[in-house]
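**Q** Residue numbers (this note's numbering), protein chains in the order written: chain A, 1 to 258; chain B, 1001 to 1214.
Hints are computed from structural coordinates only; laboratory data are not their basis.
Hints may contain errors.
[What the hints assert, rightly or not] Computed Cβ-Cβ distance ranges for the label pairs, DEER-style: (1) B:1042 / A:35: 48 to 58 Å; (2) A:215 / B:1021: 58 to 68 Å; (3) B:1069 / A:241: 47 to 57 Å; (4) B:1022 / A:218: 55 to 65 Å.
[What the hints assert, rightly or not] For the chain A half of the interface with chain B, some residues (derived, Cβ under 8 Å), not all of them: (5) 149; (6) 150; (7) 152; (8) 153; (9) 157; (10) 159; (11) 160; (12) 178; (13) 179; (14) 243; (15) 244; (16) 245; (17) 248.
By construction, the Cβ of each residue, glycine as well, lies at the ideal position given by its N, Cα and C atoms.
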Amino acid sequence: MSDGVVQILVAVAFAAVAAGLAIRLRLGLGREIVVAAVRAVVQLALVGAVIAAVFRFPALSVAFVAAMVVASALTAGSRLRGLRRPRLGAAVAIAPPALVATGVLVLTGAFDATPRAIVPTAGILLGGAMAAATLTGRRMLEGVRDELDAIETRLALGDDVRTALAPVLRTAVVTGLVPAIDQTRSVGLVTLPGTFVGLVLGGASPAEAARTQLVVLLALLLVELVAALLMAEAVSRAATAPGERVVPPPPDGRPRRG
Amino acid sequence: MEPRSAVGLTARDVRLRRDGRLVLDGARLTLLPGTVTALVAPSGAGKSTLLRCLNRLTRADSGTVRLAGRDVATIDPRELRRRVALVVQTPTMLPGTVAENVAYALPRATPGDVEAALRAADLPPAFADRDAAGLSGGERARVAVARALARAPEVLLLDEPTAALDADSAAVIGRTLRRLAEGGLAVCLAVHDLPFARGVADRVVGLDDRELPV
Ligand SMILES: Nc1ncnc2c1ncn2[C@@H]1O[C@H](COP(=O)(O)OP(=O)(O)O)[C@@H](O)[C@H]1O
Ligand SMILES: [Mg+2]
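With the hints as extra help, turn the sequences into a complete structure.
**A** Below, the structure is given as structure tokens:
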């Protein structure tokens, strides 16, 4: 058997054992594990083929990055019902910081201006921005609903909406940044992140892999912070009504009144 | 044409529909300086909603609210809410001490100002350093009054100020409100408890601003 076939068989065996265990223990997870594994097989096969094409025709990388932007906006948007235009709000929070950071990394020469560098970098930064924006947005939507009494107390004492929402916004942004900060400070101690593992498995020297990983991790800190702030701003605006009033967005995103 | 009062606060023909239901159907209210007005109506009649319309925490569909003769829609909400202070039924204490609550959003307030506001709400100065999170219901109610008074309002609105209080605490609040009105403040309390209203208020009115028969 070729190396490739062995790899896939071993991987599938892991998922099969996980599914079997879940079914045996009646966790109600068996189906989900199988579906997730099958999706991974199909998605990675497709992505491998597409990326091969992108490497052959560099112009395709623009389309590929655009598709990642759309996918991240759709994914985050589905978790942010309550905003009137959740997918647009997510795209505005996610894409600018991730794409600008990718551009800076390439233009400064930190990373090569090749599809081989640009596509995965944009992917990692978009993924991080998506996670931070989703967490922040959800926490802030909850915060506006759960802490409406405190928010209205501040308004009644003469605050403007921005000041009245500030504590909720701060909590939401902090929540959104926790994974990025934890991942950064525990790197190498608790986890070996994907970039490092991938580069080493692919034959890069450990020093080279570590440097690349460092660039990605530190860039993610800023990208995720900006994405979280942009998302918090979107929720603030959605919760603000004329006349310095706060009206929590309804969970299902229907238009509301105050 | 009705004469426009150049003092106090007036609400005329306030209408508000919510989920297809008329919550306020032409509500009226007149609050004069130096007067305690009790707004008495059954639970669910719209008292809390009307009070929120007076300081624009809620936007009415139609009607006019005037403060010292001026349409409140033309007053900056931040200014309006300092001039028309609202103490809600279950006041929320902000994080921090009582003093921090009283001086909230008042960067120039001195410890003396805080003490004066506490005194006006019949609280001893020693209260200033207490953690606001650890107060009893009656203490919260009075701190909320002190917090409102620290803004030197022209109108003080209280929503069911005695709802969660025992008779003694309610009596203290009642005396506080009378004294504040005697100092020139326009005081309005929304209550469903008629005997308490009669004991404290100069005027006892319904949501149409008409005095209730004795
Ligand atoms: N935010 C809201 N959304 C929908 N209905 C509300 C809201 N607030 C109050 N109501 C309804 O409006 C009516 C009046 O409520 P409220 O002003 O609290 O009356 P009261 O203070 O006299 O008891 C009630 O039927 C209440 O259910
Ligand atoms: Mg009420």
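**Q** Each hint needs a verdict: does it hold in this structure or not?
**A** Evaluation of the provided hints:
no. : hint                       : result
1   : B:1042 / A:35: 48 to 58 Å  : 55 Å, holds
2   : A:215 / B:1021: 58 to 68 Å : 59 Å, holds
3   : B:1069 / A:241: 47 to 57 Å : 27 Å, violated
4   : B:1022 / A:218: 55 to 65 Å : 59 Å, holds
5   : 149                        : 4 Å, holds
6   : 150                        : 5 Å, holds
7   : 152                        : 6 Å, holds
8   : 153                        : 5 Å, holds
9   : 157                        : 5 Å, holds
10  : 159                        : 6 Å, holds
11  : 160                        : 6 Å, holds
12  : 178                        : 21 Å, violated
13  : 179                        : 26 Å, violated
14  : 243                        : 5 Å, holds
15  : 244                        : 4 Å, holds
16  : 245                        : 6 Å, holds
17  : 248                        : 13 Å, violated
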